[in-house]
Structure formats: C-alpha cells, structure tokens
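So the sequences go chain by chain: X and U. First residue of the first sequence? That's 1 in the numbering used here, and the numbers climb one at a time after it. First residue of the second sequence? That's 1 in the numbering used here, and the numbers climb one at a time after it.
Since the hints were derived computationally from the structure, they do not count as laboratory data. Warning: the hint list may mix true and false statements.
The list that follows gives simulated cross-link-like pairs (lysine to aspartate or glutamate, DMTMM-like), each with its CA atoms no further than 20 Å apart [unchecked claim]:
#  : chain 1 : residue 1 : chain 2 : residue 2
1  : U       : K384      : U       : D358
2  : X       : K188      : U       : D605
3  : X       : K188      : U       : D545
4  : X       : K268      : U       : D16
5  : U       : K6        : U       : E388
6  : U       : K11       : U       : D546
7  : X       : K71       : X       : D13
8  : X       : K42       : U       : D546
9  : X       : K42       : U       : E388
10 : X       : K42       : U       : D16
11 : U       : K623      : U       : E388
12 : X       : K188      : U       : D546
13 : X       : K268      : U       : E667
In case you want the letters, here they are:
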Amino acid sequence: MMPPAFEYMAPTDVDEAIDLLNRYGDDAKILAGGQSLLPLLKSRITSIPYLISLSEVKDISYITDGKNSLKIGAMTLDADLEYSPTVRKNFPILSDALGQLADPLVRNMGTVGGNLSHGDPSNDLPSVMLALDATFKIRGKSGEREVHSRDFYMDTFVTALEHGEILTEISVPYWPAASGGAYVKFRKGTWNFSVAGVAVQLQLDNEIVKKAGIAITSMGPTALKASEAENYLKGKKLTAENVRHAAELVVAASQPSSDSYGSVEYKKEILRRISVQAIKKAQTRAEVK
Amino acid sequence: MDLTEKLVSGKGNFVDDINMPGMLHLSFVRSPYARAKILRIKGGITWKDVDLKMASVGEGATKGFEYLEHPVLAKDYVGYVGQPVAAVYADSPYEAEDLAETSVEVDYEPLKAIVDPEMSLTAEPMYPGLKSNLLADKYLGADFEIKDAPVIIEDRFVNHRIATDPIEPRGIVAAYDGNRLTVWVSTQSVHSLKEGFCEIMHLEPESVRVIQTDTGGAFGLKGGIYPEYIVAAYLAMREKRPVKWIETRREHLLASRPGRGVVGKMKLYADRTGKILGIKGDVIVDSGAFAGGSGEFSARFIAMQLTGPYEIKNAYIHAMSVLTNKVPQGPYRGAGRPEAAFFIERMVDRLADELEMDPVEIRLKNATTAPYVSPTGLTVEASKPFLESAVKAMGYHDHVRKGNTGFGWFVLVPATMPGETARILVDGGTVKVWLGGNAHGQRHDLFVRSILSDELGIDPSVVEWQKGDTDQLEDGVGAWGSRSAMMGGSALVEAARKLRKEVENKYGKYSPQKLLEGKWDSYEFFHYDKPYNNLGANLITVHQDDLGVIHVRECISYYDLGKVLNMDNVIGQNAGGCAEGIGQTLYEGLMFDENGQMMTSSIADAGVVTADLVPRYKLLLHKSESSLPSRAKGLGEAPTIGTPVALARAIEVATGLRIRETPINPEYLLSAKKFH
Ligand SMILES: Cc1cc2nc3c(=O)[nH]c(=O)nc-3n(C[C@H](O)[C@H](O)[C@H](O)COP(=O)(O)OP(=O)(O)OC[C@H]3O[C@@H](n4cnc5c(N)ncnc54)[C@H](O)[C@@H]3O)c2cc1C
C-alpha cells in the first residue's frame with residue numbers, strides 16, 4: 001500500500017495552483033485532504049505524477065455568514081464544518097451528514113471542496129448541497145464562474161470542473177424561517193459509505209410545504225436530485241399519505257445497482273423507508289423554528 | 001509503563017518499527033487468477049531460486065500429501081487469487097512495490113476455478129492423480145437406523161469464511177550473520193515458527209533464532225509459518241542483509257489464511273417429548289487449494305463436537321475437507337468449535353420450535369446427568385447441573401418473558417495437548433518469565449504476575465513477563481486454543497514450585513528475600529495429553545429496527561472458568577470473544593464470485609465489528625477449580641462459540657426468520673413478516 005512516486009507541490013495562492021495545473025496538464029491533480037485521492041494512489045488504482053496541494057493556499061478555508069448565503073471555503077475541513085455553530089443552528093441537515101461521514105480521522109483531514117469535487121456518488125455532501133440548492137464558485141485560467149449544484153454532477157467521478165479549474169467556494173443559500181432539513185444515511189458498519197442516503201430540506205408555511213429540496217446518495221452514477229418528489233410536495237400538507245407518495249417518487253428517481261450490499265429491490269426498499277424518516281425529521285425541525 | 005498504555009500510545013515495538021542499516025524491503029507478485037497454469041515467469045525471485053514447499057506447523061498441523069503441498073513460490077500452477085508467484089526487493093518499500101508492478105512478467109493460462117465447496121465434491125479432481133477433491137474424509141460415530149422416529153428434522157447451515165483481521169497484519173524481519181538466521185516476527189509461537197524454518201529450509205535448530213516482537217492481535221493467524229517468511233529468510237541469507245516484509249491489508253484479505261468456511265448438513269431424530277434419539281450429518285470444510293492449512297484437520301474436529309453438551313446416544317457424522325481454489329483455510333477464533341456449536345444448537349432450537357417447547361426445556365431434557373463420552377468422542381462432564389445453574393444465574397425466564405432472547409450453550413474443548421513450557425529467571429532482584437505460548441494481545445503478563453506473587457510471595461512489580469525468544473526458552477507450544485492459563489499457567493506454577501524447593505534446599509526455608517537475592521533459573525515442561533473440557537453458556541437479547549437492522553442489547557456469559565487467575569484477563573477475553581461472535585454473525589464475511597475472485601477485498605467490505613456495534617457485556621462465573629496446577633479452565637474461545645448461537649436464536653425470535661447462515665444477510669432480515 002505504497003503510492004507510486006509523485007512530485008508534491010504546495011503553492012500559496014489559487015492562481016499559482018491553477019498555473020501549475022495547466023503546466024502539467026493531465027499529469028497533475030489537486031490534492032486537498034487526500035482522503036479519496038491517497039487511497040486511490042496507495043492501492044495503485046491510479047498514478048498521478050504531480051500533486052498540487054492546496055494546503056498552503058491562504059484564504060480558502062473559512063465559514064462565513066454572508067448576506068443571503070453561508071460561504072464555505074473549499075479547503076474547510078469536514079470536522080470544522082461539522083462543529084460550526086452557524087451550521088448547527090441553520091443547517092442541521094449538514095451536521096447530520098457530516099456527523100456520519102466516514103469517521104473522525106477522515107473528517108479531520110477531508111475537505112468540503114474535496115468531498116464535492118471528487119464526484120463519488122457515495123460521498124454524502126453532494127446530495128446535501130443538491131437539496132439545499134447550493135452553488136459552487138469555480139476558478140480557472142480565464143477567471144471565475146458559478147455553477148449551480150444541480151448542473152455540477154455529470155457522471156461518476158465526472159463534474160463540471162474542467163481541467164485546470166479549482167472549486168474555491170460553496171454558497172449555501174439561507175432558507176427562510178420555518179425551514180428544516182435532515183440527512184438519513186443507511187450504511188453497513190459504522191464508518192463506511194452508505195448503501196443509501198437521502199437529504200431532505202423543507203420550507204413550511206402553516207403546515208403546507210412551500211419548497212422542498214430532496215436528493216439521494218449512492219443511488220446511481222451521481223448524487224441525484226429527486227425533482228418529482230420535490231415538486232409533488234410543494235403546496236401539500238405532510239399527511240402520512242403524501243409523505244408515503246413522496247418517498248415513492250424519491251425511489252422512482254433512484255438508479256441503484258445490485259452489489260454485495262444488496263439487490264436493487266432491497267436498496268429501493270431501504271431508500272423508501274429512510275425517505276419517510278428524513279421527511280418526517282425535516283418537518284419536525286422546520287416546525288420547531 | 002503499563003503494557004496496554006505502551007501499546008496503544010505508539011510506544012510499542014512492532015515488526016514494522018524495526019529498522020536496520022542496509023535493510024531490504026520485500027514485495028510480492030501474486031496470482032490474479034484463482035486457478036491457472038503458469039506458462040512463463042520472467043524477473044524477480046521465483047521458484048527457481050526458492051524451490052521449497054511449505055511444511056505444516058502451528059495449530060492443527062498435519063503432514064500434507066506431496067502434490068498438495070503449498071509451494072513457497074508457485075512453479076507451473078496457481079491455486080488461488082493472491083498466491084505468491086514471485087518476489088522483488090529494494091531499499092525502500094515504495095521502490096519494492098514499484099518493482100512488483102513493473103519488473104516481473106507472468107503468463108498465465110486461466111483454468112475453470114472450483115469455488116463452491118459442495119460443488120467441489122462432484123467436480124473433476126483439481127490435481128492429476130487425485131480421485132476426488134476430498135483432502136480429508138472420515139466418519140465419526142457409528143451408523144444407525146431409527147425406524148419411525150416421531151420427529152425427523154433436516155437442515156443445512158453455513159458459516160462463511162472470515163478474515164482474521166488483526167489490527168497488525170503479518171510481518172517479519174529476517175537477518176543473517178553468516179552462521180545464524182535471526183527473525184523478528186509478530187507471532188503466537190516462536191517455537192512453531194522455528195520448527196517451520198528448520199523443516200522447510202533444512203536448517204539446523206542451532207542456526208535459527210526466532211524473536212517475538214510486540215504482536216498486535218493474531219486470532220490463530222500467527223501460529224503458523226507462511227511463504228513470505230521463507231522468502232524473507234532466503235533473501236536475508238543470500239544477500240547477508242536484513243530483509244523486511246509487512247503485509248498490506250489487501251494482501252491480508254486475499255492471501256492470509258481465513259477461518260470458518262464450513263457447511264453443516266444435519267439430520268436430527270427425536271421423540272415427541274423432546275428427547276434426541278440420534279444425529280447424522282455431513283461437515284464440509286472449504287479447505288482451499290493446498291494442504292497445510294487447518295482444513296484437513298478441522299472437519300474431523302467439528303464432527304467430533306457435534307453432539308454438544310447432550311447425551312446423544314446415536315451419532316454418525318461424515319467429516320469432509322474439500323479442495324477449492326481459495327487460499328488454504330486457517331485456524332481462527334475457536335477454529336471449529338463455533339461451527340460445531342452453531343450446527344447442533346440451531347438444530348436443537350428447530351426441535352424446540354417443532355415441538356413448541358421452550359428451548360431450555362429441550363436442552364435440560366437432553367443434558368447429561370453424569371460424565372459422558374459421546375459416540376463421536378466428545379467428553380462431557382455432567383451438564384445438567386451446569387445448565388440449571390446457568391438458567392438461574394442468567395435470569396433466563398425473565399429475559400424470555402421480555403422477548404427477543406436467545407440462549408446457547410456448549411462444551412469448550414481447549415487445545416490442552418501436549419502441555420506447555422515456562423521458564424523463570426531470577427537475577428538482580430527481578431524475575432523474568434517466558435512462556436512457551438506467546439501472547440498477542442491477551443496480556444499474559446497479568447496472570448503471570450498473579451501466579452508468581454501467589455506461589456512465591458513476591459511483589460508483583462518485580463515480575464517481568466518476556467516476549468517469545470527461542471534462545472531464552474528451549475521449546476514451547478503456542479498461545480491458541482484457550483490453553484494459556486491452563487497449560488502455560490500450570491507450567492509456570494510447576495516452575496515456581498521447583499524454584500521454591502531449590503531455595504528451600506539451599507537455605508532450609510523458603511523466603512522471597514532469599515529468592516530475590518540469588519540467581520535462579522527454573523524451566524518446566526508441563527506435559528498434558530488428555531482433553532480437559534468445560535462448559536459455557538450465553539444469553540443475548542436483540543432489537544430489530546425499522547430498517548431490519550439488528551441491535552444487540554445484552555450479552556450475558558456464564559462460564560465455568562475454574563480459578564480466575566486474573567480478573568482483567570478474564571474480562572478482556574470475554575469482551576473480545578463476544579465482539580468476535582457478534583462480528584461473525586452480523587458483519588464479517590469473505591465472499592467470492594464464480595471465478596474465485598474475492599468480492600470483499602477491502603476491510604470495509606469484508607466487515608469488522610466496531611465499538612458502537614457491541615453491547616455492554618455481563619460475565620457471570622461458574623467457579624469450579626480444575627485439577628490442573630493452575631486450577632484454571634479454558635476461556636479464550638468460549639465467547640466465540642456461545643455468542644453466535646445465542647445471537648442467531650435471539651434474531652429468530654425477534655424476526656420470525658430461520659437463521660442458517662453467518663454472516664446474516666441484512667436483506668434477509670428485512671424480509672421478516674412484520675415488515676410486509
Ligand atoms: C475510510 C474512509 C471512509 C470514507 N467514508 C466516506 C463517507 O462515508 N462519506 C463521504 O462522503 N466520504 C467518505 N470518504 C471520503 C472522504 O470524505 C474524502 O475526504 C472526500 O471524498 C475527498 O475530500 P479530500 O479533501 O480528502 O480530497 P482529496 O482526496 O484530496 O481529493 C479528491 C478529488 O477531488 C479533487 N479536488 C479536491 N479538492 C478540489 C478542489 N478544491 N477543486 C478541484 N478539485 C479538487 C482532487 O483532485 C481529487 O481528484 C471516506 C474516506 C475514507 C478514507
């Protein structure tokens with residue numbers, strides 16, 4: 001479990017990192033927390049001659065309350081976001097996900113930007129960002145652009161990031177009062193990836209759903225937004241029947257494949273159940289506020 | 001510093017902590033196929049350099065057939081994914097892994113793999129000259145016929161293979177000074193390893209020294225010798241430079257010997273009062289592609305124990321070990337004992353359900369009231385009184401009333417034979433102790449201190465337990481099979497008594513002062529050639545949540561341990577063994593596809609039990625001292641035997657499903673009626 005040889009570079013600002021990425025082309029990759037990249041290198045599934053670490057880059061790790069949104073620097077550690085008071089208060093859905101993401105050792109190294117850039121359909125943060133309607137700030141040679149989370153995930157390990165681009169910031173819009181969310185994860189063991197995960201964010205108005213954000217983890221080639229379920233809930237009361245039907249629509253949005261963790265039917269059944277749990281939990285949190 | 005504190009705070013000295021000037025690092029090129037002909041090998045150290053075969057040493061050692069012997073490095077055939085084919089070395093482990101990827105070419109011609117042990121029974125023989133794929137084939141007991149038995153139950157059970165997964169994988173450092181080979185190794189027995197090196201490499205005993213490093217778990221895996229160790233020794237001797245090999249986790253999962261991998265097909269005859277009239281069965285062990293693992297031996301060992309703590313008058317068991325294209329099976333946590341208990345206890349629970357009787361009532365009905373030797377050869381003391389006190393002490397009936405409770409019990413067959421050695425060296429006021437079996441996480445130092453302060457009246461703090469070293473203790477057996485307190489402890493008691501006598505002879509009267517002032521050296525081989533079995537029981541309660549997941553709520557052990565030498569040892573053994581049993585039942589398993597490729601080659605997929613998945617344990621003692629010098633009885637494997645059976649039953653009660661397999665498939669658990 002020793003990685004093949006690589007050059008390690010640690011530039012101090014983002015533009016320098018972008019220059020290096022462009023200089024070495026396909027031979028280079030960004031190294032963030034290394035919690036996905038290093039296992040790939042160590043098991044020699046891939047080799048990358050130039051690793052450009054963002055660890056020395058200044059001003060890329062922060063959690064700031066903006067006017068309309070929470071701004072998260074890409075190099076923010078999972079653990080820092082997990083324990084952030086503003087996240088705990090405003091986005092319990094994120095605290096849910098982070099508290100169950102891998103184990104504390106991984107969370108002390110792994111970054112939010114790395115988790116979102118990797119494009120692993122089993123990573124937990126992409127579906128949470130999809131549910132929350134987050135946007136990603138991306139910087140490249142020719143400047144900066146914003147991509148909505150919904151347009152970011154293209155295929156397994158393929159995102160809207162072009163080569164030579166770096167994800168620098170995540171903006172999570174504040175949801176109005178009477179909103180709440182939950183992330184429910186079903187996994188084998190304690191520190192493992194999920195068999196199925198579901199993120200639900202709800203905005204209520206006198207028991208009526210005004211807006212819903214729902215997305216799922218480990219249920220297809222990328223994290224998937226369950227738009228039909230979102231639309232269905234809009235304007236409805238969360239009666240048992242409506243919740244059950246929404247869960248059914250979440251399942252309809254899933255594309256699981258069978259593997260050693262279970263058959264397609266099993267995974268759908270689990271997703272059905274955890275979708276109900278997540279909607280109910282989100283509802284309770286929205287009502288409390 | 002306390003040993004545990006040292007080991008968990010990074011201050012231990014494990015094999016991989018050893019660094020020597022000029023040290024070479026070894027890496028292996030392994031077979032990507034479960035079964036293939038090798039057409040050509042180019043590069044690296046190959047069988048042309050090390051044309052040796054593995055001998056069989058360690059727990060359950062038997063002599064293999066020549067053509068079934070595991071080659072150190074494959075020659076013209078590979079029998080499992082991960083089998084070592086060539087070795088490379090470099091000044092750093094990084095370069096060694098680079099070379100393993102780039103410097104060796106192997107051409108294979110893949111053959112159809114034999115993966116399923118039951119299919120292997122009828123498959124074409126794996127090797128030319130074999131008549132079948134049976135590696136061992138024995139009948140135990142005597143055939144019988146019961147005409148018109150009122151109840152006949154047949155069933156089939158599987159315990160899938162599991163990785164031993166010690167936190168520290170296998171590893172070795174070998175060095176050669178021109179005369180003598182010295183190896184530092186993570187092991188359960190320096191003596192068994194020394195024997196292995198001598199036998200396989202044709203070395204004289206004087207020219208080999210095996211030294212144990214701190215050993216981070218072993219669970220049966222580290223009692224034996226492996227091809228990688230032989231190559232390390234070979235290279236150290238050839239290059240006259242120290243050589244290190246450290247196993248990766250992936251190598252561990254693929255190519256170190258896993259446990260379990262056993263199918264039990266059972267048939268039980270009973271009358272309608274619940275009295276068992278007889279059992280028949282097939283035990284089929286998935287032995288792997290070569291002899292020399294524990295496979296050949298374990299089918300018979302399991303078959304022998306199938307009568308359990310019961311007075312079963314008729315028993316006839318076919319014990320089969322079959323060849324498959326997998327790494328040879330090895331001894332692991334209980335090594336055959338948990339499998340036997342799983343098969344018979346599941347059958348007794350089935351009988352209880354069939355007759356709508358309480359499971360313990362059925363067990364009481366079939367328990368023995370006097371010492372008993374079963375038709376398969378299992379020795380049992382009067383088990384009924386034990387069961388009665390277990391039921392009472394554990395509050396069985398209260399638990400059953402509350403629901404979701406399972407109970408199981410068993411005969412523990414410790415690996416007593418042929419006894420064990422110990423040495424006590426007193427010098428400069430300290431007392432050094434070596435045992436013939438080498439602790440690999442159990443803290444033998446604790447009971448060693450307890451025994452010596454009792455026997456010699458000395459302050460425990462002057463006692464220094466030593467790791468294994470073949471230069472310090474001339475011979476020994478090993479730490480496995482629930483034997484250390486019984487056999488190692490007895491050897492130590494005898495050595496201490498000998499010492500006491502020597503002091504008495506010299507000074508007329510024994511005193512700790514006299515002992516500590518002098519220089520003394522006492523060695524003892526405590527010989528023991530009989531079984532010394534004891535009884536144990538477990539009770540478990542569970543809860544099934546809305547997603548079908550089982551949560552273990554309570555795990556109570558009721559064991560006959562004899563004299564408790566040290567309570568911390570006992571608590572540790574119970575906790576670790578129960579966790580293992582829970583792991584086997586719910587989380588851990590090695591799975592293969594139809595080509596013999598492992599589908600669980602990461603620790604996440606192979607499963608491991610973590611702290612949040614285990615309950616609080618409760619340990620109750622049924623104390624009746626043994627007649628051994630240490631007064632102890634066996635313990636280590638007891639919870640690995642009792643936990644899976646009690647847990648399987650608790651899950652049956654909670655879910656209404658029949659449990660026939662470990663690990664239990666979560667998907668199966670969600671098929672429980674209450675969910676649909
Ligand atoms: C044992 C274990 C269990 C795990 N379990 C989970 C789990 O349950 N849930 C979960 O979500 N994750 C899990 N992970 C993955 C973990 O969350 C990783 O930290 C995460 O996927 C990647 O983040 P990183 O900072 O470590 O990125 P790295 O591993 O350094 O990088 C990952 C990829 O993203 C790219 N990248 C990183 N940052 C940027 C950026 N700012 N801009 C552009 N590209 C970038 C890299 O080039 C690389 O391709 C687990 C990891 C381990 C080791």
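Consistency of the hints with the structure:
no.: 1; hint: K384(U) <-> D358(U); in the structure: holds, 16 Å
no.: 2; hint: K188(X) <-> D605(U); in the structure: holds, 9 Å
no.: 3; hint: K188(X) <-> D545(U); in the structure: holds, 14 Å
no.: 4; hint: K268(X) <-> D16(U); in the structure: violated, 45 Å
no.: 5; hint: K6(U) <-> E388(U); in the structure: violated, 43 Å
no.: 6; hint: K11(U) <-> D546(U); in the structure: violated, 44 Å
no.: 7; hint: K71(X) <-> D13(X); in the structure: holds, 19 Å
no.: 8; hint: K42(X) <-> D546(U); in the structure: violated, 38 Å
no.: 9; hint: K42(X) <-> E388(U); in the structure: violated, 55 Å
no.: 10; hint: K42(X) <-> D16(U); in the structure: holds, 18 Å
no.: 11; hint: K623(U) <-> E388(U); in the structure: holds, 14 Å
no.: 12; hint: K188(X) <-> D546(U); in the structure: holds, 15 Å
no.: 13; hint: K268(X) <-> E667(U); in the structure: holds, 11 Å
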